[in-house]
Each structure stands twice: as structure tokens, then as C-alpha cells.
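Residue numbers (my numbering), protein chains in the order written: chain A, 4 to 153; chain B, 4 to 153; chain C, 4 to 153; chain D, 4 to 153.
It should be emphasised that the hints constitute simulated quantities derived from the structure, not laboratory data.
These numbers were taken from a predicted model, which means no experiment stands behind them.
Think of the CB as a built atom: it goes at the ideal place given N, C-alpha and C, for glycine as much as any other residue.
Each statement offered as a hint is correct.
Derived EDC-like pairs (lysine to aspartate or glutamate); straight-line CA-CA distance at most 16 Å:
id	chain 1	residue 1	chain 2	residue 2
1	A	K117	C	E105
2	C	K117	A	E105
3	D	K117	B	E86
4	C	K5	D	E70
5	A	K5	B	E70
6	B	K117	D	E105
7	C	K117	A	E86
A short list of chain B residues far from chain D (calculated; beta carbon distances all over 10 Å):
id	residue
8	T6
9	R14
10	D16
11	K32
12	L55
13	G57
14	T66
15	P74
16	E135
17	K137
18	E141
19	L147
Derived list of chain B stretches under chain D, where covered just means 3 residues or more per stretch with a C-beta under 8 Å from a C-beta of chain D:
id	stretch
20	95-107
21	113-127
There are 4 protein chains.
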Amino acid sequence: MKTVGVIGAGRADEELLQIAEEVGRLLAKEGVTVITGGLGGVMEAVSRGAFLEGGITVGILPTLKKEDANPYVKIPIPTGIGEMRNALIVRASDVLIAIGGEYGTLSEIALALKTGKNVIGIKTWDIRGVIEAKSAEEAVKKALNIKSKS
Amino acid sequence: MKTVGVIGAGRADEELLQIAEEVGRLLAKEGVTVITGGLGGVMEAVSRGAFLEGGITVGILPTLKKEDANPYVKIPIPTGIGEMRNALIVRASDVLIAIGGEYGTLSEIALALKTGKNVIGIKTWDIRGVIEAKSAEEAVKKALNIKSKS
Amino acid sequence: MKTVGVIGAGRADEELLQIAEEVGRLLAKEGVTVITGGLGGVMEAVSRGAFLEGGITVGILPTLKKEDANPYVKIPIPTGIGEMRNALIVRASDVLIAIGGEYGTLSEIALALKTGKNVIGIKTWDIRGVIEAKSAEEAVKKALNIKSKS
Amino acid sequence: MKTVGVIGAGRADEELLQIAEEVGRLLAKEGVTVITGGLGGVMEAVSRGAFLEGGITVGILPTLKKEDANPYVKIPIPTGIGEMRNALIVRASDVLIAIGGEYGTLSEIALALKTGKNVIGIKTWDIRGVIEAKSAEEAVKKALNIKSKS
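Here chain A stands alone, though its shape is the one from the complex:
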């Protein structure tokens, strides 16, 4: 089964949050496991969308406490390694969707591209190699149809 990592900032405006929730909903509908960083903002919105659709949501947390996961994370993985867990999110995902995002998201985009994984981006960092999508539907479609680079 495909796993899709959805990355984005812990704080985001309403528009991005709605896109994120829709991305989560659509991924769950396709039976895809959704991987996030497990915290708030985009991570929570996408988990919420997937959770409410009955999907599996994994949250790879920077802290040691699974209670730090947002309520829509079914499988919290507390790591205690801080931002270093960003690399684990990338490694656990077949393909990534970046929604908005700050420096943390940028590190994930860079690690994904470095290791040959595709990144679909919605209103995110303008980095060569990122495949642009205009909407949640387009992003999910591209994420699911893309052939794995590896």
C-alpha cells in the first residue's frame, strides 16, 4: 500500500488548512496511509481530513510524548529527536505533498529530493524539482499516479 507524507507548517492560514484537510480526506478515500509530523497546523488539518474519512494517520513526533500528537493521529510515533525526525517522515513516505510551510517543510522537501522522492507542492517553497499542484485534488492525483523514482 502506498504511504503519502504530507508536510507543512505548524501554523497556517485558513486557506491552507482547508486544502490540507481536503488532501487528507482524498488520500484516506484512496486507502492511502497518511504520514505527518503529528503536531498542529497543516499536520493536524490533514490528519483530521484523513481520520474523519476513516483513514490511517501516522504522526512521527519530534518529542518523546505521544500526547503531543494532535487528536487525529491514530498511530503516534514519539521519537525524541526533534527536527531530525523530518528525515524519518521523508523515509517513511513513498511520495510527499508539501502544503505551504516554513523552514521545517523546506528541510523535508530538500531531503526528499536529495533521496530521489517526488514532492508535489501546493503554495509552498519554489524549489526546482517540486511538482506544482493548484488544488488538493490535483496534488493527490499527482501523488498517486506518479511513478516512484527509486
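Please arrange chains B, C and D on chain A, whose structure you already have, making use of the hints.
Then chains B, C and D, alone, in the frame of chain A:
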């Protein structure tokens, strides 16, 4: 929800494998998420028991390839950090059950005890601090009833 | 004592390599410990510059083999965690100098900025927050004079 | 050049501390780089012995702050990954000497043996595979003469 890590060697004799499968089955029956290292032997037997009972099985893999997980792992987490992932198994678990085991299992027992997590042991390393159990039933009972140390 | 991480690609053109070697030389002259990823290209050039000046050079390697370090690394730290070691380079450094660079370098820039560390950039990724320098001298001067953000 | 990891508890009695300091001194005299966890107790004593002999001492710290290193660590490597850094100490060392020690040391012994590295033990955990030594001299001699298993 409680998560229980079950640790043990990649190769084990038939008796230990049967105990492991029974541990997995009993944990799943209680609605517990089962965390393992995702590979063969005890890891596969416990995942099989939990999987066949309809439980959630997470495999935190040493490699980068989720295909390395045994077929009973529902949520493979490839890490690419080798034996260092043993620390992640411990961190993702509220309590641990050790079944038999070689040096890898010993490292997990030590890390768990070092960080204040309880370890129930069945025919495993004789290390002070490990709570002994004679059977799968006793181990699961103790794992579920124990008050978290943290 | 200050530690400066110097990041850049494993392959780079002659101009960048000369800048990197000069950065290494200048840092060693100031008694600074130089941290790199330990491999070739910019990492090797900066280590060479520092080494020939009698400085201390640390190479935090992605592999398990210290033999993978370039010959100018005095202290090889094999990690076996692949690109995830980029986070360790950032964490071991008080401030970073980025010289050119591909996606790996971008991940380090992002992790540094995310965790509040200053990044001086020479002909590198154009990311907001990076402090531009035109030459090795300017980069080293800025790296040493900057007040730590933390 | 050989690197030797010396592992032991953050608190130890006077006898073990004297042995540790002597181990550090003897290793430095042989030009060996000494790797420790960088904190107090055995880690500090061995670093002190090596430092005062003019040796190179590396401290791979569990925290993010190099200030947490004891004063005899020349090269502090703050990791921010807690006890998980034990695996990095093992990986950065060609061979290990364990002096006394609690659960943290046990995890390092287990990881070393699991990955085929030799462990010399002085008054430490009684684990099969550990090569016993009665004194600092004997431990250092065995550590330096042993053929790498890998």
C-alpha cells in the same frame, strides 16, 4: 491508547515463536497497538498473532525499504538507521515485552530500563529490573496492568 | 571554542573549491573547529584548507566506515544514518557557512534556520534568512563576528 | 588511526574513576582518539586522563548544548537525541572499553556486540562476548591488540 513494544530475535525456536504469536493475539484482543522491529522471527510471530486478530501492527524497520517488513506489519516505518532504530521502538512503546532475544533485544531492554520504561521478560536476558513472566497470558496481563513509571 | 560547520556539495566547480579551501584555512587560523559532512567536493576542500593550516577537522559521515572520510578529516564520526546526519552537522555547529550546494546543503540550511542558527552563504541557495557573503574572507568574518541567535 | 570508545556510568565510585582516568591516559599515550558520551563520572575521568596526556577527546553528547560536555572534552558533538546517541558512540569507535556502568552502558555493550565490535570490560556487566580485563593496562593492551571483527 496503550502501545506495547514486543522485542525478540529475528531467529527463534518454535516454542518462542508460539509464545510470541500468542502475545500478539492477546494484545490485539485488548485493542493495543503492537510495535515491533518489523522483521522476522519473534517480530513476525507477534505481528502475525496481532494481525490475524485484527489488530494494528507497526514495524519500525532498520532499512529504508518497507518491503523488508514481514507481511503482518500494517504500518511499516522504514528508518534507514540500522540498529539505532531500537531506540525508536523503545520510545514508541509505553511498555515492552521481551521474548527470548539476542544482543539487539538486550540493547532494547537496557534502553527501556535506562529511560524508566517497564520491561516484561519471557525466557529472555536475566537483567535486574526485568519483570519475569512465564507465559504469554502472564506477560500481557502484566504489561497492561502495570502503572507507567514515567 | 567556536565550531563552524561548512556545508556544500560533494561535487563542485574549481571556483567553489578554491573558496572552500580558503574558508577552511581562515577558520583554522582563528582556532575554530571545522565541522563538515566528511566526504568530497566542498567538504574535502574546506577540510584540506583547515588541515594544512593545522586546524581540527571533524567529518560527520553518512556511512558506517571512517575510511569514507576524505584524507583531511582528523576526527571522522561515522554515523550510518545517511542524509539524516545532516541534522547532526547543524547541531554540532555554532554557525554555518554554505558554499554552493545541492539538495543536501539546502536541507542543512533549512534545518539551521529552523533551529535558530545563522547561515552565511556564498553562491548558494537563495533562501530568506541566509546572510550573503561574496568571498571566503567575508564569510569567515561574518561567521566569527555574528552573535549566536540561541 | 584507531578510535576507542570508553563507556561507563555518569556516576561511579573512586576506584572505577581512577581506572577510567588511567585508561584515558594510556590511550592518549598511544595516540588513540578517545570517544565518550561526554558527560560526568567515568566519561569525565577517562577524558581527563586523555586530555592531560595531550590526547584527542571526543564527547558525543545526548543534549543540544556543547556546554554540557565535561571540561576535558576537546571535540564536543551535541546531538540532541538523548540516549539514542549511545549508538553513535559505538559506531564512531573501532573497539570499546566498558568500565562499570549502568543500563546506558549495557545498551552500548549490546549494540557493539550486535554489530560485531569487540568490547573489553572492567568490572562491568557480565554479558557473554565481553572480553574481561582486570586493570587499565590490560584493557588498553587488549583494545589495541585485538583484530577488528568487521
